[in-house]
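Going down the list, the sequences are from chains A and B. The numbers in the working numbering rise by one with no breaks, and the one at position 245 of the first sequence is 245. The numbers in the working numbering rise by one with no breaks, and the one at position 121 of the second sequence is 121.
Since the hints were made in silico from the structure, they are not lab data. These figures come from a predicted structure and were not determined experimentally. Don't be surprised by glycine CBs; every beta carbon is placed ideally from N, CA and C. Heads up, a few of these hints could be off.
[What the hints assert, rightly or not] A few chain B residues facing chain A, derived, Cβ under 7 Å:
1) E78
2) E79
3) A117
4) E197
5) R198
6) K429
7) E430
[What the hints assert, rightly or not] For lysine to any residue, the following SDA-like pairs were computed, each having C-alpha atoms within a straight-line distance of at most 25 Å:
8) B:K260 / B:Q229
9) B:K414 / B:Q229
10) B:K429 / A:I174
11) A:K129 / A:D220
12) B:K429 / A:L30
13) A:K26 / A:W355
14) B:K194 / A:S152
15) B:K126 / A:K26
16) B:K178 / A:S152
17) B:K126 / A:W48
18) B:K429 / A:F171
19) A:K150 / B:A425
20) B:K126 / A:F42
21) A:K150 / B:A384
22) A:K150 / B:E430
23) B:K66 / B:A425
24) B:K126 / A:S182
25) A:K150 / B:P211
26) A:K93 / B:I433
27) B:K66 / B:E78
28) B:K220 / A:I267
29) B:K194 / A:A97
30) B:K194 / A:F42
31) A:K93 / B:D434
32) B:K194 / A:D220
33) A:K93 / B:Q229
34) A:K93 / A:G172
35) A:K150 / B:Q219
36) B:K220 / A:W146
37) B:K126 / A:Y47
38) A:K93 / B:T123
39) B:K414 / B:I202
40) B:K293 / B:Q229
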Amino acid sequence: MFYREAGQFKTSYAADQAIYPIRQDKIGILILFGFSLLAIPFIAPIYWLNSILIPFLIFSLAALGLNILTGYCGQLSLGTGGFMACGAFFSYKLATAMPDTNILIVFLLAGLGTALVGVLFGLPSLRIKGFYLAVATLAAQFFLIWMFNKFSWWTNHSPSGVISAPPRAVFGDIDVTSASASPEAKYVFLLLLVSFLALIAKNMVRSRIGRSWMAIRDMDIAAEIIGIRPMLAKLSAFAVSSFFIGVSGALWAFTYSGSVEALAFEINRSFEVLFMIIIGGLGAIMGSFLGAAFIVLLPIALDTIPLLLGLPLSVETVAHLRLIIFGALIIFFLIVEPHGLARLWQIGKEKLRLWPFPY
Amino acid sequence: MGLKSLRWAAAALALSVAATATPVVPAKAEGDQFIPLLVYRTGPYAPNGIPLADGFIDYFNYVNWKEGGVGGVPLSWEECETQYNNDRGVECYERLKNRGASGATVINPYSTGITYALIGRATEDKIPVLSMGYGRADASDGTVFPYVYTAPITYWAGADVMVQYAREQEGGSLKGKKIALVYHDSAYGKEPIKTLERLAEIEGYELSLFPVAHPGLEQKATWLRIGRQVRPDYVFMWGWGVMNATAVKEAASVGFPMDKFIGIWWSGAEADVLPAKEAAKGYKSLNITGVGKDFPIVQDIVKMHEEGEGLADPANIGSVLYNRAVVNGFIITEAVRKAQEKFGQRPLKGEEVQWGFDNLAITEQRIEEAGLKGLMGPIEITCANHEGAGSALVQQWDGENWVAITGFIDPNRKALWPEYKASAAQYAKEKGIDPRNCD
């Protein structure tokens, strides 16, 4: 009844091609963004900012990166953790070697460096596909972690191989990195950065380059025949994806944990991000956010529910229950909606358009 | 249920998950001194995590049972499961740091990785971190790390004690000897490398390194190389969880002499040697606390259990890690007691407890009075020295029990402190910290 685009006429191509062609959507997303930017930093408890929203935003960015490669271009990758580590260690080296450079530039440079590494490890994708490519990217994962672990140069010869993010400001003297920065500042910085990068990603997948990725994904031979160069398409997907993942790794080290060792980005991290996009929805920008929310929130929710209900369960029972319920829920969601939460969201929207008179 | 209704159910479930994620603070009795406990009772490190966690809750419960808390302020605590995972540890810390009447008293991460992750946060929140025999060795420098305590001893000092012990066993010189280090390939396991390398130059031994990947169940290749190829005179080990038991078994299977195999204090608990049974006989490890049940305080805890007031599994009482948690709990309550002298007998904030730590001197006399004689050595923490000059002993597994075979050995701190200082100074420079003035 309320959610209907009747009467909204598009008079230009620009209006027709808008990201949110329906006015209600546009207003809704602007309200959500405004609320996240202007209200949440003031009303959310520190615990929410520090332990839920900040990791959620960082994981969303990583999932977004992987979604470009796997969801849009169809190249299965298990190297996410390794690429995140690249971003983290590159930005650490850059930030400590050039203390006066703006941290935003450091993050972007680290992202570009990761993009280069991504292209390098993307080269096998020109010859191999599917599971075989997954194995090749697995090599990237293990090699990169090994490299950061092995050579102490990457950690400025820290005896334990742990890097600590130095405090840095984007502008003025409001720090946004390391533990000394206020959670509100970190959150706002992350929200703006992630929203901006998501906007770029959204526009990229709607443009020529994004369409060439999807063509490769849907059928690479057909795509080649209609004039898309697989090398360019695949390697650009690797580059863009690695850039996003690299920035998210840098953010993980600098704004979330404040200090990391290479082990923080081991293979489990790659799987975590892969699960996010599978559950959230492959080939959907929205899905990256939904999937990240699911994986970040659910374990914490499962931990706190017994407390909420006042059940006298010991911590080990809760830990075991969490594993059981989490696994069951993943299976449940994949059975009812194999295309992920993003598809669920879309179905919900379509239902809403017909409500209250479904046919 | 059709697919359609399942879909709606899925959507409803997604919403309800989002709705219930709000953490609630359980109502705590007015006026408690709250201590958050980061534990791991599940996962690959649980065999070690359970006795530790049990020791803590039993000791705190004992303090409440015996004297109604510290200075009349009852202790309260809440466990949070970390599974030895850094991310979860950070989440647990954030969840628990503001609980209780006055927030967290002190944090015991019981993981070097989590300690690293919490140093910055806890310093910012003004909550002391007591990383007792683990964590960041250079955090002993209290001028750069005002809220981090490494008492009674650090890994670097532990490595020093091991080398001292090996040298003494070899009749005073390690020249030309070969030492292998088998370590958990993480921040924890890497801590001693620099010290061992430095000592290698002084003592003239040859050091070879054998990293073991988490969780450490696969060590066949490592031990084949050690047993057949490198053939070191001594093997030192920095292991934790299932890695320890695996290493002991593998060492036995390649026939490495057990009495030349020395673990750090985290590689010398019952759970580490029991799986290897007879083969583990003779295996040695360092320990920072006394061994067994023959201490008045442990006997008192047994009495508490007999009266039905115990919380932990009685089987763990007197085990190596249980005792260590008791000592850790004792150091905390002593720091709170000290802080109460200045701030009064009420629930204290982390910042106030920090003063207690900074001025904490646990003398031999106090240890005896509290019933811990032989369980720990004296410590004296100052504003600048957060290590507190503790010491470690060597214990040996006789097939049934751990038996202390040396007294408490003092590390060579004259050589260690310049290293702490230099490393802390580099940290301060990178993080832009102005070391506080302690004079």
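Query raised in the report: Failing hints, ascending?
Result: Hints 1, 4, 5, 6, 9, 12, 15, 21, 23, 30, 32, 33, 40 not satisfied by this model.
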